[in-house]
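Each protein sequence line maps, in turn, to chains A and B. Under our numbering, the final residue of the first sequence carries the number 195; numbering is consecutive throughout. Under our numbering, the final residue of the second sequence carries the number 612; numbering is consecutive throughout.
Quick caveat, the hints were computed from the structure, so don't treat them as lab data. Careful: at least some of the hints might be erroneous.
To be verified - Result set (BS3-like, lysine-lysine): computed pairs, CA atoms no more than 25 Å apart in a straight line:
| id | chain 1 | residue 1 | chain 2 | residue 2 |
| --- | --- | --- | --- | --- |
| 1 | B | K203 | B | K255 |
| 2 | B | K561 | B | K551 |
| 3 | A | K113 | A | K123 |
| 4 | A | K29 | B | K322 |
| 5 | A | K25 | B | K298 |
| 6 | A | K142 | B | K601 |
| 7 | B | K293 | B | K235 |
| 8 | B | K345 | A | K93 |
| 9 | A | K113 | B | K561 |
| 10 | B | K561 | A | K62 |
| 11 | A | K70 | A | K127 |
| 12 | A | K25 | B | K24 |
| 13 | A | K113 | A | K25 |
| 14 | B | K430 | A | K62 |
| 15 | A | K70 | B | K551 |
| 16 | B | K521 | B | K430 |
| 17 | B | K601 | B | K517 |
| 18 | A | K113 | B | K575 |
| 19 | B | K542 | A | K179 |
| 20 | A | K62 | B | K275 |
| 21 | B | K575 | A | K103 |
| 22 | A | K25 | B | K25 |
| 23 | B | K521 | B | K601 |
| 24 | A | K103 | B | K551 |
| 25 | A | K113 | B | K601 |
| 26 | A | K123 | B | K575 |
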Amino acid sequence: MTTKNILIVGVGGQGTLLASKLMGKCFTELGYDVKVSEVHGMSQRGGSVVTYVRYGEKVYSPVIEKGEADIIISFEQLESARWLPYLKKGGVLISSTQKIDPMPVIMGKAAYPEDILSKLSEKDIRLVSLDALSLAIKAGTPKCANIVLLGAAVQFLGIDKEMWVDIIRSTVPPKTIDINLKAFELGYNAN
Amino acid sequence: MKKALMLGNEAVARGLYEAGVTVVSSYPGTPSTEITEHVTKYDEIYSEWAPNEKVAFEVAFGAATGGARSFCAMKHVGLNVAADPLYTASYIGVNGGMVCAVADDPGMHSSQNEQDSRHHAIASKTPMLEPSDSAECSRFTSLGYELSERFGTPILLRLSTRVSHARSLVELADRNEVGVKDYKKDVMKNVMMPAMARGAHVRVEQRLLDMAKFADTEAVELGINTVEYNDTKIGIIAAGTSFVYAHEAMGEKASYLKLGMVNPLPTQLIKDFASKVDEVIVIEELDDIIETHCIKIGVKVKGKELFSRLGEFSQATVSAALKNDSADFESFDEEIPARPPVLCAGCPHRGLYYALKGMGLYVSGDIGCYTLGAQAPLSMMDSCVCMGASISGLHGFNVARGKEQAKKSVAVIGDSTFIHSGITGLIDIAYNKGFSTVIVLDNSITGMTGHQNNPANGLTIKGDPTVAVNLEALAKAVGFSNVVVVDPFDIEGTKATVKAELQKEEPSLIISRRPCALLKSVKHSAPVKINADKCIGCKACLNVGCPALSQTKRENGKSLAVIDNTQCVGCGVCASACKFGAIEKGGNDL
Numbered sequence: 005m006t007t008k009n010i011l012i013v014g015v016g017g018q019g020t021l022l023a024s025k026l027m028g029k030c031f032t033e034l035g036y037d038v039k040v041s042e043v044h045g046m047s048q049r050g051g052s053v054v055t056y057v058r059y060g061e062k063v064y065s066p067v068i069e070k071g072e073a074d075i076i077i078s079f080e081q082l083e084s085a086r087w088l089p090y091l092k093k094g095g096v097l098i099s100s101t102q103k104i105d106p107m108p109v110i111m112g113k114a115a116y117p118e119d120i121l122s123k124l125s126e127k128d129i130r131l132v133s134l135d136a137l138s139l140a141i142k143a144g145t146p147k148c149a150n151i152v153l154l155g156a157a158v159q160f161l162g163i164d165k166e167m168w169v170d171i172i173r174s175t176v177p178p179k180t181i182d183i184n185l186k187a188f189e190l191g192y193n194a195n
Numbered sequence: 023m024k025k026a027l028m029l030g031n032e033a034v035a036r037g038l039y040e041a042g043v044t045v046v047s048s049y050p051g052t053p054s055t056e057i058t059e060h061v062t063k064y065d066e067i068y069s070e071w072a073p074n075e076k077v078a079f080e081v082a083f084g085a086a087t088g089g090a091r092s093f094c095a096m097k098h099v100g101l102n103v104a105a106d107p108l109y110t111a112s113y114i115g116v117n118g119g120m121v122c123a124v125a126d127d128p129g130m131h132s133s134q135n136e137q138d139s140r141h142h143a144i145a146s147k148t149p150m151l152e153p154s155d156s157a158e159c160s161r162f163t164s165l166g167y168e169l170s171e172r173f174g175t176p177i178l179l180r181l182s183t184r185v186s187h188a189r190s191l192v193e194l195a196d197r198n199e200v201g202v203k204d205y206k207k208d209v210m211k212n213v214m215m216p217a218m219a220r221g222a223h224v225r226v227e228q229r230l231l232d233m234a235k236f237a238d239t240e241a242v243e244l245g246i247n248t249v250e251y252n253d254t255k256i257g258i259i260a261a262g263t264s265f266v267y268a269h270e271a272m273g274e275k276a277s278y279l280k281l282g283m284v285n286p287l288p289t290q291l292i293k294d295f296a297s298k299v300d301e302v303i304v305i306e307e308l309d310d311i312i313e314t315h316c317i318k319i320g321v322k323v324k325g326k327e328l329f330s331r332l333g334e335f336s337q338a339t340v341s342a343a344l345k346n347d348s349a350d351f352e353s354f355d356e357e358i359p360a361r362p363p364v365l366c367a368g369c370p371h372r373g374l375y376y377a378l379k380g381m382g383l384y385v386s387g388d389i390g391c392y393t394l395g396a397q398a399p400l401s402m403m404d405s406c407v408c409m410g411a412s413i414s415g416l417h418g419f420n421v422a423r424g425k426e427q428a429k430k431s432v433a434v435i436g437d438s439t440f441i442h443s444g445i446t447g448l449i450d451i452a453y454n455k456g457f458s459t460v461i462v463l464d465n466s467i468t469g470m471t472g473h474q475n476n477p478a479n480g481l482t483i484k485g486d487p488t489v490a491v492n493l494e495a496l497a498k499a500v501g502f503s504n505v506v507v508v509d510p511f512d513i514e515g516t517k518a519t520v521k522a523e524l525q526k527e528e529p530s531l532i533i534s535r536r537p538c539a540l541l542k543s544v545k546h547s548a549p550v551k552i553n554a555d556k557c558i559g560c561k562a563c564l565n566v567g568c569p570a571l572s573q574t575k576r577e578n579g580k581s582l583a584v585i586d587n588t589q590c591v592g593c594g595v596c597a598s599a600c601k602f603g604a605i606e607k608g609g610n611d612l
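Isolated chain B, as found in the complex:
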């Protein structure tokens, strides 16, 4: 059998290929993004980026209704957006199999909250599988389609950062060409109106009972739920990442019940396991789902009294909680400055923020690279909630505080985020006679998740040319009469435009347009140069917050700005900050 070292996300894509999936629709979101990127390498599978997770889920569900094996992927908060179709898709069930991957982010490496997506599985009454490494990512994905078609339900595949973004070995199998099933009109099954949904709910409850029985029996035979007996003083129940941390820490000093299916949970299997060990410990990152189930079925366990609901675990977390040995190490004796992520050198968002700085604005923020502008020294954000909330939130803020406030408030939102769920907020402002000023930071790409094309940049998931949403025309069509485009590297021009639009007692859309500095198609200029005769060491340039710009002391004690030539791309935003003309263009463009 051929083996390959694969990222968990890559292994999910492999599982999709092997299961004969033909339709994939997703919206990017760390840590789930690479699944769909890897899917594009398989010509047998149609893949697309959808404008948001709700659309992606509905496309996949439509494909499943049409008889195909289908898939969608999203991050944990994306499932909130897709929750509406999920909850009713669970009632309807599938024709071709459907799997929806949802990637949690314990520790919030790249997320705005730490929600536990198992709650969605329980609430929507949808079965959920949880792999612990890449091999299981592939195997559980394939298995998901068998279960989906057998039990007539979409299947959730729960991932997390350390599964999605860890590479481990995967056994490769051939593709199972299942084809597309016949579609037959079935109003009682597929049209959810009260009369039909009442019947569907009965089927859903029965399905949960059937699947709970499956969790106790066949799931063990299929190696989804597994038991490993070693020393029986401690019996650990865990799933996914928590299982691998537990096994790493305790090895043969404990016995394990590893749950590969986290909804519904087994009953008899847990009772049997508990009866064979002295003490049962439940280890689970985030919430106490397994622990609560154990208490409900009358099995005494220790869980959250030993383990936190916060953040990521590791083998050290398990060792500390279970009083296992810990390693000895050296430490650096001085305080080490933090190194938070920053806007890249040459980032167009920096220019826009620097232009807004000093205008005393309330800035309603959104989700993307530009959220990094909330941090010092730019400090240009007052709020950030979820995708699209900058626009609707600003409208609410301005309605509450009046027209004078609206002259000192803007929303900032990226192009991809605007397409995702900013458009509805824009319509809300126009329709309800609002007076807010919205700035779309159009950098021609979905940046933070690692450069995905989107409906506004004219390229498909595979990089083929396609129609692009015309942001100017769209804003006008929904009722914004004031629509202007600025270049964020033109600091003075941007400032003047923003000031003028803010004064208008009607809604304005400003498009701050310049492509992401990391795009290969972007031509950079030579690094800027510091004129040592003109630089007085005032540090004003450091306020632009560029990682390529710092200050050094010279031998004569005078401070001087210095440019890191390995990072600087010559955007010149720092030059706008220098009153002494000490930052000069670096010569000919590269």
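With the rest of the complex left out, here is chain A:
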């Protein structure tokens, strides 16, 4: 098979690393070669962050370039627009409707583009948008928006849903299993 590329993007502190950890674990258990590239350090402090997940028979590069991603999972609207060029034409963009103003917007030096999602829907891509934050709060805590988005993405990964449930169960802290599984279900059924 050709290597599959998944980009997870958001704002530092939103919990993008847990989603990539779960994916890495799942693809490894399925016997694929896997590379997951993360951002640590300064960029984590509220900056734009990206995690690259790649799997296939043999994966060389740990990064994904423009026009290469099969799926982008975005935790924030502006980041969806920023990383759009990394998606293949016809690829799937799963975007949370959440908006977080970056500092230049807070300071009034730049404008947060309006109607990002409707503009993205006009592109040659498949856009799935969901209010991951509200669904996460419904599941029990805003912190599990990452699992809601993973649930939404699983629809497009062609991997048995039960396998993801098992992976979540065996990875997240025991106290949070129920909330995370509820978040996963809400995301899975969101579209």
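With chain A held as given, fit chain B onto it using these hints.
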């Protein structure tokens, strides 16, 4: 064979475990930090955070002299600090094996420069291995100890951000308990005075020749330097990340000579490879080390005429340079505002900077989270060079410009950075009758690298209680008579103290003390609330640069500050900025 998906740094730790290493000393630095954090999970290995990289290297080298297999890790600029022991350790050689990992940061994700640590390997005449993925991180680390003990030299392990921070599969092996070798006093080997060092230098030059021969022969048999022949129109020579990008881009459309040992470089191997391909392309991030070597041995290559010395590469960089196919994609049609990293909501550094704002100060800065205060809207930094330079740099600035300048200048430095190399600058000020004001931003943790304990916070690498450096007593002991502590969330109190200390024509140390907002032990308050009747939309609160605070337009056209309750921890610094009392405490503490 059991396999696991591991971060490159985690795989280095695994390699240390499998090689029977017993002593590890490091100073945190992105992207190297997680190696030593993962080492703490192995009870068989003693691990510690050292005050700086020089100390870490010396501890590891001392352990190797004592017969143990030892290790230290640092980021690229950390090796500058440890360069002094490195260059002479190379002369002395080892008893037990020693590996020093140095992590470069092409693209400067989290660094102040983009230096290429291979120069240190060449200059110190130390062999250097360079893995390209996690499996090699583990394997090359283990191999490093075999080479270290066989050739009698410390080994450098060069990592980079995309190797250290990428997860890939690693085969796990059992630990090889090598124990600790005997120590025998050997003055000619271990004491470097001119008479002994002259002899040592002869051995070092011979060792380099031996290892260059190794690079041509056994390194191939051991799978350190590997050759892959496909289409022979293009032959690519690369190492580490550059190799994986090249292979991703070109696949079987090129042949490859992958170098796992980047110092010393092979000669015959490169000549043989070059003779079998039509054109040789050298792909290397940062400087032209391999290319220069090829030219030196008379092999015609293309390198930096196709590839930049700047930044990170990727498969797209390789495709563009070698005119390979490129992918098609969509773009967003409007300008997208940048999202630079910022000080977190509730960060104590924000309070300190906000208190200093408007005082017209020259702020001599340093390395850490608080460097983010250099950016708008705080804009509270005039310089930032390297670890510790804030204090010594301020002293120089004030000496040059005089006592009146010193009344308008401060240094800001974090607790960990102060311990790393700020103390010597402090001594310099006191000893030389300086008059500078230094502010230590003591947040009880090494923050930017992801929360490591340090000698000032009273906890070891494993979180066990230990002695803590008493910053107040230390400053007094070196000769600072003015030492005061402020709470950075008390904006008015902090302002008054800073003003008073600046007026003194003698040195002052101000400790701005409050723990990092991200520490689990920190109890947060409820989010603050905006009183819509009092808020006039003046935007003054936005000048504190808090990511939890923004402004929105209401239907009546009036602007109003809004609080993001998912981020706000109720620190109240923004309330100090509001003249109208429109930002109110959010009620009971959570």
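Structure-based check of each hint:
1. K203(B) to K255(B): Violated, at roughly 51 Å.
2. K561(B) to K551(B): holds (15 Å)
3. K113(A) to K123(A): holds (23 Å)
4. K29(A) to K322(B): Violated - the C-alpha atoms of K322(B) and K29(A) are around 45 Å apart, more than 25 Å.
5. K25(A) to K298(B): Not satisfied, since the Cα-Cα distance of roughly 43 Å exceeds 25 Å.
6. K142(A) to K601(B): violated (38 Å)
7. K293(B) to K235(B): This hinted pair holds, its Cα atoms lying about 14 Å apart.
8. K345(B) to K93(A): holds (21 Å)
9. K113(A) to K561(B): Distance of about 13 Å is within 25 Å: holds.
10. K561(B) to K62(A): violated (53 Å)
11. K70(A) to K127(A): The hint holds at about 15 Å.
12. K25(A) to K24(B): Since the Cα atoms of K25(A) and K24(B) sit roughly 19 Å apart, the hinted pair holds (cutoff 25 Å).
13. K113(A) to K25(A): It is violated: about 36 Å lies between the C-alpha atoms, which goes past 25 Å.
14. K430(B) to K62(A): Violated. K430(B) to K62(A) sits at ~59 Å, over the 25 Å cutoff.
15. K70(A) to K551(B): violated (42 Å)
16. K521(B) to K430(B): At roughly 9 Å apart (the allowed maximum being 25 Å), K430(B) and K521(B) satisfy the hint.
17. K601(B) to K517(B): Measuring from Cα to Cα gives roughly 17 Å; hence the hint holds.
18. K113(A) to K575(B): holds (16 Å)
19. K542(B) to K179(A): Given pair K542(B), K179(A) holds - Cα atoms ~17 Å apart, limit 25 Å.
20. K62(A) to K275(B): Roughly 16 Å between the alpha carbons, so the hint for K62(A) and K275(B) holds.
21. K575(B) to K103(A): At roughly 15 Å apart (the allowed maximum being 25 Å), K103(A) and K575(B) satisfy the hint.
22. K25(A) to K25(B): holds (16 Å)
23. K521(B) to K601(B): Holds - the C-alpha atoms of K601(B) and K521(B) are around 22 Å apart, at most 25 Å.
24. K103(A) to K551(B): Holds, at about 20 Å.
25. K113(A) to K601(B): Measuring from Cα to Cα gives roughly 23 Å; hence the hint holds.
26. K123(A) to K575(B): holds (22 Å)
Violation of the numbered hints given earlier is confined to hints 1, 4, 5, 6, 10, 13, 14 and 15; the remaining hints are satisfied by the structure.
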